[in-house]
Every structure is written in C-alpha cells, then in structure tokens.
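Top to bottom, those sequences are chains A and B.
Using the working numbering, the first residue of the first sequence is number 1, and each one after it goes up by one.
Using the working numbering, the first residue of the second sequence is number 231, and each one after it goes up by one.
The set of hints was computed from the structure by calculation and includes no laboratory data.
This structure is a prediction, so every number in the text was calculated from the model and none was measured.
There could be a bad hint or two in this list.
Unchecked claim - Derived DEER-like restraints, expressed as beta-carbon distance ranges:
1. B:Q397 x A:F14: 44 to 50 Å
2. B:V252 x A:D105: 47 to 53 Å
3. A:N147 x B:D642: 55 to 61 Å
4. A:G25 x B:E390: 52 to 58 Å
5. B:P388 x A:N220: 50 to 56 Å
6. A:Q191 x B:P402: 55 to 61 Å
7. B:A244 x A:P222: 56 to 62 Å
8. B:P388 x A:G118: 41 to 47 Å
All C-beta atoms in this analysis are idealised placements derived from N, C-alpha and C, irrespective of residue type, glycine included.
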Amino acid sequence: MLKLEAITLMQDWFELTADFEIKDGARVAVIGPSGAGKSTLLAALAGFLPLTSGKLMWNDTEISMAAPDARPIAMLFQDNNLFPHLSISQNVGLGLRSNLRLSSDEKQRVATALDRVGLGGFGSRKPAQLSGGQQSRAALARVMVQNRPLVLLDEPFAALGPALKAEMLDLVGELLQETGASLMMVSHDPQDALHVADQTVLVADGCASAPMPTVELLRNPPPSLKAYLG
Amino acid sequence: MAGRTLAIRQWPGAVAAAVVAVIVLGTLAAVALRAEAGRGISAADWAAFRFTISQASLSALISVCLAIPVARALARRRFWGRRVLITLLGAPFILPVIVAVMGLLSLFGRSGVLNVFLRWLGLPEVQIYGLHGVVLAHVFFNLPLATRLILQGWQDIPAERFRLAAQLGFAPRDIWRVLEWPMLKRVVPGAAAVIFAICLSSFAVALTLGGGPRATTVELAIYQAFRFDFDLGRAALLSCFQIVLVGSAALVALAFSGRDSFGAGLDRAVQRWDGARPLMRGLDAAWIFCATVFLVVPIGLVLIDGLPAVFDLPASVWRAAGVSLCVAIGSTVLMLCLALPIAVAAASGRGWLEAVGLLGIAASPLVIGTGLFIVVFPIIDPFLLAFPVTAVVNAIMALPFALRVLVPPVRDAVQGYGRLSASLGVTGWSWVRLVLIPRSRAGLGFACGLTAAMSMGDLGVVALFADPQSATLPLQMYRLMGAYKMEAAAGAAVLLLCLSFGLFWVFDKGGRGRVEA
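Just chain A, same shape as in the assembly (with noise of 0.2 Å):
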C-alpha cells in the first residue's frame, strides 16, 4: 500500500497537496486540468521531483528519499520509454537487469514477455522499426518484466490514435490482472478513466483529493471538475 501523508510539492509559484493511500491492486485515474500538477504528483511519486514537506510511504518503510530505481514503482513517462539505440530485447532486459548482462533464464523472460505483448520475434529490431502502437507494447513488456507492485502512466499512449490507445489500456488491465500490481493513470479524458479505472484522483486547485469511485465523481463532479469536462 502507498501512502502519500501531509505532501506538499512546490515548484516556483507551483503548490500541490496530497495526503491519501492507494490500496494494493487498486486502479486509479489522475485527472484535471492541464497544469494543475498530474504530472508533477506522479514525478514526485517515483522519484523525480523532491517532497518539499510530507512523508511517502510503502507499507511501513519510507521511501521519500528512496532513487527512483530503489522504489516499488515502475514507470511509463509521455515519451522516450525506450533507447533508440537499444534493440527491443534489450529495452526490456533493462527491466531486469540494470547493466544488461543477463543469464540464459532472464533472457527467456525477456522473450516471454515479448510473446506476452503480441511482440513475439521482434526482439531484435530496434524502436524505430517499430509502430508506434508496437512501441508501447515493448515498453509494457518491460513494465511486466520489472514486476514491481505499482504501476505509474504519465500519459504514454497519447500519441496514439483512440482505438489503439483503447487497445493498450485493455492490455495493461490484462497485464495488471496477472501480476495484481496496482496503478496510477493519467488521463485526459474521462471516457479513459471509465474505461480502466475504477477509482479516481482529481488534481485541481492545488490539492490532489483521495480517490473516488470515477463513476459517482464523473456523474457528480465538482465545480472545478466540471469546468473541465465542460
């Protein structure tokens, strides 16, 4: 379980607040407006961007000051997921092993993985042959080879077209379910957050709320939720 107590994060007249716990297998939307700190919450999350006050909590073990390679978390960001100049095998074996010296059996999981994602036979190709929806497949096979208990999206399928962003939110809830880690998920649109998400956070006006269930929050939203949504 992870728990954010009293956060504050501030960036030059940027200020945002959190204080709630995510529940082991839970799967949580982050929504709001643009540049009200979705981003910035989960940078702070796994690593990027330090507390300016608060406590960050993994079951009992603080894990503020922890690198980010050192927390339970594995990450997508809005882009760059992969090293261009990596093969995709080596793209996921980065999930295993830092310096990429990996045993006959890390391999083998490397290339189960790929099969896993629909990317059986691609290992030896690098990013940019790839597709973009192909692309994110290789990142969540790495993400599924880190086997770490909570998932961070920073948005990594934007750039994808609806279908095929709806195509990469059913795999990570396929994914999800075999590893039962949980995830955190920004989102621009709601119908994503209903899609995959069963609680939500809303980030506006400086304060990350608990999680809600998304279907109350979005047939309610608050006032500044609904100026959003429109």
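Got chain A sorted already, so can you dock chain B onto it with the hints?
For chain B alone, kept in the frame of chain A given last:
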C-alpha cells in the same frame, strides 16, 4: 529540476574542469609572477603589439568582405557540387597551417606560379613575406569560416520571407534592404570578431611568412624571446600582453557569436525568385569560381609538388610522422577524458562548467607552453617533455570545439533519457556504456576527429620545446623548408595532409558507423 535525482555523477566533470583551470590559469600565474614588468616595454614589443592588431584587423576585414558576396552567391544558387563545396569550406579547420603556407608559397612565392607568370609578362614580381603574406594566409584560412558563418545567416532567413518578397514583387535592391542587410548587420560583426580573435594568436603563419622587426606577432615574439634569447622574463611579459589581448577579443567574440552550430543544414538551398537576371547569375558564378580557385589551387599545387616525393622521404620525416601520430592520439584521449565529464556535468545543469572548458579559446598555446616551461624548469629538463606538453596543450586548445560538438548530444542523452535511466537504475558505468556513449557516438567521433587532426597539424608549442634531434611532422616540415629542402618538404606536406584528414575521417566515420534512430 530533475538534476538532483538523476543519479548522474557530476564530480568527474568538476575535476576535469578544475584540471583545465589549473593548467590554463596556473601557467598564467607562473608567467605573471615571472614577468619583469619593471624593465618596461621595448620598442620591439610595441611593434609586435601593433603588428598583431593590424594584421588581425586586416585579416578579419578582408575575410568578411570577400565572404559576403560568396555566401550570397552560395545562398541563392543551386548547382552541381554545391554540397561538396560547402563541406570543403569546413576543411581549413583541420588543414595543417604549414601545409597551407607551403601551398600559398608555391602559388604566390618567389618561384611560385604567379611570379613565373608575371616575369613572363615582364611585370614586377609580388612579394609574399611580411604583412601581406600573413594577411593572405589568414584570409585563406578564414574566408571559408566567414563564408560559413554568413551563409548560416542567410539560411536562417525563413523561406517564407522570400516567398512574401516574391509575392510583393521586390527587386533585388528591396530584398537587400529589407531582408539581407538587417541579417548582415547582425551576423557580420560576430564573424569578424571571431576571425579577429583567431588571428591574434596566430603563430605558425607569422613564423613562416612573417618575422623580422616589422612582421612579428606577439605570439612569435614570445617564441623568439624564449628560443633565441632564452629571456624568460621578457617571454613572460609578452605572454601577459598576449593574454589580455586574446582574452578580451575572445570575450567580445563570444558575446557576438551566440550559440550557433557548426552549420547544420547548410546544404539546404532556399528557393529564391530574385536574382534571375544573367548579369547577377554571372557575378555569382564568378564569385564562387574565384573563391574555389583561391582555396583549392594552393592545396592542389602541394599535392602536385609533393606526391612524387612521398615515396622517397628521409627517415627523419617518417620518425616525425610516428611522433605526431602518438601526440595526436594522446591528445585525443586526453580531450575525451576532459570533455566527456565536463559535457555530462554541463548537460545536467552545471552550465558554467562548459565556460571553464572554453578557457582554451582565450588561452594561447605559447603562453601555456611558456608557463609550463617555467613551472617544470627547476624540476626536470623541459625538453624531455616536449611531446607530452604538446599533447596536453593541443587537448586544451581543442576542448572548446569538442564541447560545442559534444554538449548538445550529451544534453539530449541526459535530459531526454535521464528519467528513463534513473527509473531503471541505469547509473554509473552502465549508464556511460549503455546510454551516454551510444547516444553521443556521432558527436564523439566528430570531436575526436577534430582533435586528432588539429593536433596532427599543430605547429605551435612544440617549436618552443623540441630539441634539434626530435620533431613532430609539422615541425620537421618547417625545418626542411628552412633548409631549402623543398622537395622533401613537399613530400612531408602530402604525408601530413593525408594523416590529418585520414585521422579525421577514421574517427568521424567510426562515430557515424552504425547511426540508427
């Protein structure tokens, strides 16, 4: 913002920058402490000072004035070989000075092609030694640079403006007034300032084509005080002069130059609708032709003179070539050890470290050489250190260029992939091996090529230190020329040319080898 958490270590960059600062500023301090200011400045020193400024001003002025029509012609014409020609304009950067001087001598020298022709016509001969020779050589080197800088300015005018001008029926005069003149006002002073600063610390050209009381640069005067009179006090005083001169000019040039690149995208020709009249086409063609002849013929003459002699070179030349190769490789390795850590630190938020690397622009090789001599003189025979010192000085001089090439790709690697690397725990050596080197490979190859070629062709600090028995290839070639062994010198020139461009090609090719994505 994310710099702190990216787990990319910055202390190697700080250490490398400190090493550079100690070498440049430490030698400077050694020189300043040794300078005998009390003795005053002699008439000869003033003459060197005046000559340095006047030749640099003339060189900058002439280079820029000639470059404007050439760049204009290149900007608005498309022709077969344009791309090759523009690439060729980058070549003087790695062309050994001594080879170019040899080429200019065989064109403009006493028994050069031009004078043979003039004699045949019964006209008076031209004289290459002295002020005009020095300026001629500087124009040879800097006309291409000025052309590239100004051409960049032309290319930076958006194509839409020319479309709009065509739409409005602008005559060439109007285009000049509305588009081109404002651009030139912005670009030309910067180009002139850069060339002025470069010419201030000219040594090899002054050594070979200048000399004598009326054509001695400060840099050359340092060498003479050192080598002929062994007057360390005077050499140090002149060095202080030189530092102030070059340092202030470099600051001015830097302020003008902004952050432009090595001319990426220069081979793109903007479509133009003006200047279609035959007269203008003819003029443009003439400018391009003359510039090409001026740049290509001297090197062609070197090749013609030297090729037959290459297979008959004395052993001393081959030995010197071996020495030069070692110095060039050593200086490249040193440059990498300094430039990569500095580039990484600069790219992850410590931009000021890059400025330390730029000290090489303000420093003059002979001043560093003099300083190192003063420092090591009491400890060890400095002449034993001639080649290591040359490698160090060459690495420092190449550092600013290497950083300019390396910082952008390294910044991409750090900023574009820093988060991904950190989230996967790719740090330390794994990061260097898996991310940094592959992501900046092309830049690394180019920077190594530049450094190796510049070091290969350098005739500077080595002249200060080398004993008569040993030499680098450029120095050996200079000695052969001094001894009027012109045939062997021409052969050595061809060898030097091949080695310089060969080194550049090998490194650059190695960097581009498997460029993907």
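Hints, one by one, checked against the model:
A hinted range of 44 to 50 Å for the beta carbons of Q397 (chain B) and F14 (chain A) is consistent with their spacing of about 45 Å. As the Cβ distance of V252 (chain B) to D105 (chain A) is approximately 50 Å, the hint placing it in 47 to 53 Å holds. For the hinted restraint 55 to 61 Å between N147 (chain A) and D642 (chain B), the CB-CB distance of approximately 30 Å leaves it violated. Distance hint check: the CB atoms of G25 (chain A) and E390 (chain B) are about 55 Å apart, consistent with the given range 52 to 58 Å.
At roughly 51 Å, the beta carbons of P388 (chain B) and N220 (chain A) sit within the given window of 50 to 56 Å. For the pair Q191 (chain A) and P402 (chain B), the beta carbons lie near 58 Å from each other, so the given range of 55 to 61 Å is met. Judged by the Cβ atoms, the range 56 to 62 Å given for A244 (chain B) and P222 (chain A) is violated: they are separated by roughly 50 Å. In this structure the supplied range 41 to 47 Å holds for P388 (chain B) paired with G118 (chain A), their Cβ-Cβ distance being about 44 Å.
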